[in-house]
Amino acid sequence: MYFESFQQLVFMGGHGVYVWSSVYISLVVLGGLILKPLCQKKQMFKNIQVQIDLQKANDKALNRGQDNASHS
Amino acid sequence: MKLNVQWTWFHRLGSPRWFYQKTQRWLPWLSLVMLTLMVTGLVWGLAFAPPDAKQGNSFRIIYLHVPASIVALAGYYFMAIAGAIGLIWRIKLSYMLMRSAAPIGAALTFIALVTGAIWGKPTWGAYWVWDARITSMLILLFLYLGVMALRNTYSNNEVADKAAAILSLVGMVNVPIIYKSVDWWQTLHQSATIKLTGAPSMHPDMFMPLVVMILGFYSFYAVSLFLFTRAEILRRECRTSWVKQLVTHNLVEK
Amino acid sequence: MAVKNILKVENLAFVRNDLVQFEPISFVLSLGESLHLEGANGSGKTTFFQLLIGMLQPSAGKLYFRDQLFKDCRFEYLSDILFIGHQAGVKSALSVEENLRWMSPDNTTPKQITLALKAVELAHYANIPCHNLSAGQHRRVALARLMTSNASLWYLDEPFAALDKQGVDFIESCMQNHLEKGGSIVFSSHQDLAKMAARRYKLTPFQEQS
Amino acid sequence: MSNFISGGFKAYLYRDLLLSVRDKTDLVKPLIFFLLIAALVPLAIAPEAQRLAKLAPGLIWMLAVLATMLSIERLFSDDLNDGSLEQMLLSPNLLIMPVLGKVTAHWLVIGLPLTLLSPVIGIWFSLPSVAVIPMMLSLVLGTAVLSLIGAVGAALTLPRQGGVLLALLVMPLYMPVLIFGSATIQSAVDGLNWIGPLAMLAAFLAIAIALCPLAITAGLRLAKNG
Chain W
1 MYFESFQQLV FMGGHGVYVW SSVYISLVVL GGLILKPLCQ KKQMFKNIQV QIDLQKANDK
61 ALNRGQDNAS HS
Chain Z
1001 MKLNVQWTWF HRLGSPRWFY QKTQRWLPWL SLVMLTLMVT GLVWGLAFAP PDAKQGNSFR
1061 IIYLHVPASI VALAGYYFMA IAGAIGLIWR IKLSYMLMRS AAPIGAALTF IALVTGAIWG
1121 KPTWGAYWVW DARITSMLIL LFLYLGVMAL RNTYSNNEVA DKAAAILSLV GMVNVPIIYK
1181 SVDWWQTLHQ SATIKLTGAP SMHPDMFMPL VVMILGFYSF YAVSLFLFTR AEILRRECRT
1241 SWVKQLVTHN LVEK
Chain A
2001 MAVKNILKVE NLAFVRNDLV QFEPISFVLS LGESLHLEGA NGSGKTTFFQ LLIGMLQPSA
2061 GKLYFRDQLF KDCRFEYLSD ILFIGHQAGV KSALSVEENL RWMSPDNTTP KQITLALKAV
2121 ELAHYANIPC HNLSAGQHRR VALARLMTSN ASLWYLDEPF AALDKQGVDF IESCMQNHLE
2181 KGGSIVFSSH QDLAKMAARR YKLTPFQEQS
Chain P
3001 MSNFISGGFK AYLYRDLLLS VRDKTDLVKP LIFFLLIAAL VPLAIAPEAQ RLAKLAPGLI
3061 WMLAVLATML SIERLFSDDL NDGSLEQMLL SPNLLIMPVL GKVTAHWLVI GLPLTLLSPV
3121 IGIWFSLPSV AVIPMMLSLV LGTAVLSLIG AVGAALTLPR QGGVLLALLV MPLYMPVLIF
3181 GSATIQSAVD GLNWIGPLAM LAAFLAIAIA LCPLAITAGL RLAKNG
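Order-wise, the sequence lines are chains W, Z, A and P. For the first sequence, the numbering used here begins at 1 and goes up steadily by one. For the second sequence, the numbering used here begins at 1001 and goes up steadily by one. For the third sequence, the numbering used here begins at 2001 and goes up steadily by one. For the fourth sequence, the numbering used here begins at 3001 and goes up steadily by one.
Derived by calculation from the structure, the hints in this document are not laboratory data. Hints should not be assumed to be uniformly reliable.
[Claimed, not checked] Once the Cα atoms are required to be at most 25 Å apart in a straight line, the calculated PhoX-like pairs of lysine-lysine come out as:
#1 W:Lys41 with Z:Lys1244
#2 Z:Lys1092 with P:Lys3224
#3 W:Lys42 with Z:Lys1244
#4 A:Lys2062 with Z:Lys1092
#5 Z:Lys1244 with Z:Lys1092
#6 Z:Lys1092 with W:Lys42
#7 Z:Lys1092 with A:Lys2202
#8 W:Lys56 with W:Lys41
#9 W:Lys36 with Z:Lys1121
#10 W:Lys60 with Z:Lys1121
#11 A:Lys2004 with A:Lys2181
#12 Z:Lys1244 with W:Lys46
#13 Z:Lys1244 with Z:Lys1180
#14 A:Lys2195 with A:Lys2165
#15 W:Lys36 with Z:Lys1054
#16 P:Lys3024 with A:Lys2071
#17 Z:Lys1092 with W:Lys36
#18 A:Lys2202 with A:Lys2004
#19 Z:Lys1054 with W:Lys56
#20 A:Lys2062 with P:Lys3224
#21 A:Lys2111 with A:Lys2181
#22 Z:Lys1092 with W:Lys41
#23 Z:Lys1054 with W:Lys46
#24 W:Lys42 with Z:Lys1022
Please model the complete structure; the sequences and the hints are all you need to start from.
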């Protein structure tokens, strides 16, 4: 380890604030690039599930309609 | 009479499904590789590598600035080539790859710009210096924003992809011209600024973490691209049966 | 040997935003024959015309012109068709006579131009810039092309829309002597033709093959 | 007056020139914009001659870029609205020639007058007289490249006629032209050899003539079903 103590690692001879701020910003943006598609995927799954339920609902309604027609 | 319609576009629809299943298996391993590369590169560069003689420790920002700008530029070429493949062979999957590559490239260019600006403060005393590298990065960001903005102006999917592909191809021809002319412009107004990224002349101990970080960023690009493209496939194929099965199967399993 | 059928369409279909626009279309059009395309609004008639004139690439199916695939004979095909769509294509800064001159083939003589303008009752507007004219008159300038064009295949997308009595008669007479001269026409319209018998083709929405 | 069916470069060039001559306002607007902004600059910055002279090369080129961008937007949109673009796309022969005809017409109507007007700006910004010839030469070549690249942007943003979108698409592509254009004038002012940057501008023009029509025709074909 180039630096003797953890405290020196953070301070980095006066330049620590610049280095760690750029590291922080980069990690935030990189994290965003991973999390955004994952939430999009979760969102898409929910939408499609809603669509499927909707379709199933009106299919059922359709069949019930045909049953009444055939009975009466 | 069964319409034996030879739907040329049917079999092409299959490839997004193949991509979805393939990435389902590769993603865990690839993200593992990405994580190890990034962590080792960062720790090695920030904690173990010796500081630069002139710039001191602020030099360590190179381990973020240089990989981000390299992958951002390579990402633009990847996007343009994916667009070209889409245009020539009308493959939907390559359009989706192109569409997903744009935001990642723009984000990486943004990282390169921010880290470059922060790095400029201790080295030249000002946050923004019209250094050749940073100016070209700024223009690249505008190119990315142009492609993304154009992508959203068309409502019809097919046309939006084609327009974005054409623009990224026009951009691809211009990127080397822009880089060379900005470099030439830099020499014309040569102020006494040291070259920000003297990569090869560096000490091997400094250079090795840089290579690891570049590989880390490339694998990050791949992981993020796969994730974005998978979300794009779900959005475009939500009416197809295989996606519906996928959703129902997935919910039952969870 | 004169090729008998001038146009053959095989299962032509188009997909927009993953929605198939209409049931795949197949028909054969021979010389001297006209085809009346019918279909409700939004059933894809205009899209089909765009496919016919090569503006849109079909997602499936083939198009043959004089028994040659469209891709191989693009030049002959495009120089031998006349397409009049919803938009008149008239530049408002130019005069009526210049506009018709611009839209007619090379060898049209000035006499033909004035004859055509007289037929659509625009003769005395010849030198007036088009921005003074109404949309209906713009449409008549476009329809005057029926007199001056020497294309053998006509594509007319709802030519009778918003036209008065003489306009409809003018178009029907043009269509009739075009057919007599051995040309052929594909046109779409919501009203039936008084004088002419034309083969009908119904455009139906796409049924999902379950 | 020939026609669109067999007519190519000459037909569209002649027609567009006739159209531009017919409605004068469209012709004069960018030129007045060019002079107007040039007149504002000394008020905004400083009337002293030597400070303006330092800014002159870059400013002249900035104005040329903005004037071209202002006028390129309407190159294809009028044709799309009245339907003549559809007829143009239907012409059997190559679409590249009509497109080149239209862009040349735009250049003759906007680029050339801009170049002939630039000495006036040179005088206003007390540009040394030795730099006037290089300035005009660089503007002649440069405005042609600006028109060609602007036409690509106009074709791609055709259905959604957004001024800002066109600027966003086209500005990055204008950067090299801007750099070498103002460098030509700057090196002439400094007494250096200005043939080099001028040759680069000529090279950009050659590339633009070769490649831009391909992108323009592809963009136009999209506009119909946008």
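Now for the hints, and whether the structure bears them out:
no.	hint	verdict
1	W:Lys41 with Z:Lys1244	holds (14 Å)
2	Z:Lys1092 with P:Lys3224	holds (21 Å)
3	W:Lys42 with Z:Lys1244	holds (14 Å)
4	A:Lys2062 with Z:Lys1092	holds (21 Å)
5	Z:Lys1244 with Z:Lys1092	holds (19 Å)
6	Z:Lys1092 with W:Lys42	holds (23 Å)
7	Z:Lys1092 with A:Lys2202	violated (32 Å)
8	W:Lys56 with W:Lys41	holds (22 Å)
9	W:Lys36 with Z:Lys1121	violated (31 Å)
10	W:Lys60 with Z:Lys1121	violated (67 Å)
11	A:Lys2004 with A:Lys2181	holds (14 Å)
12	Z:Lys1244 with W:Lys46	holds (11 Å)
13	Z:Lys1244 with Z:Lys1180	violated (50 Å)
14	A:Lys2195 with A:Lys2165	holds (13 Å)
15	W:Lys36 with Z:Lys1054	violated (40 Å)
16	P:Lys3024 with A:Lys2071	violated (43 Å)
17	Z:Lys1092 with W:Lys36	holds (22 Å)
18	A:Lys2202 with A:Lys2004	holds (24 Å)
19	Z:Lys1054 with W:Lys56	violated (70 Å)
20	A:Lys2062 with P:Lys3224	holds (21 Å)
21	A:Lys2111 with A:Lys2181	holds (21 Å)
22	Z:Lys1092 with W:Lys41	holds (19 Å)
23	Z:Lys1054 with W:Lys46	violated (55 Å)
24	W:Lys42 with Z:Lys1022	holds (19 Å)
Hints 7, 9, 10, 13, 15, 16, 19, 23 from the earlier list are contradicted by this structure; the remaining hints agree with it.
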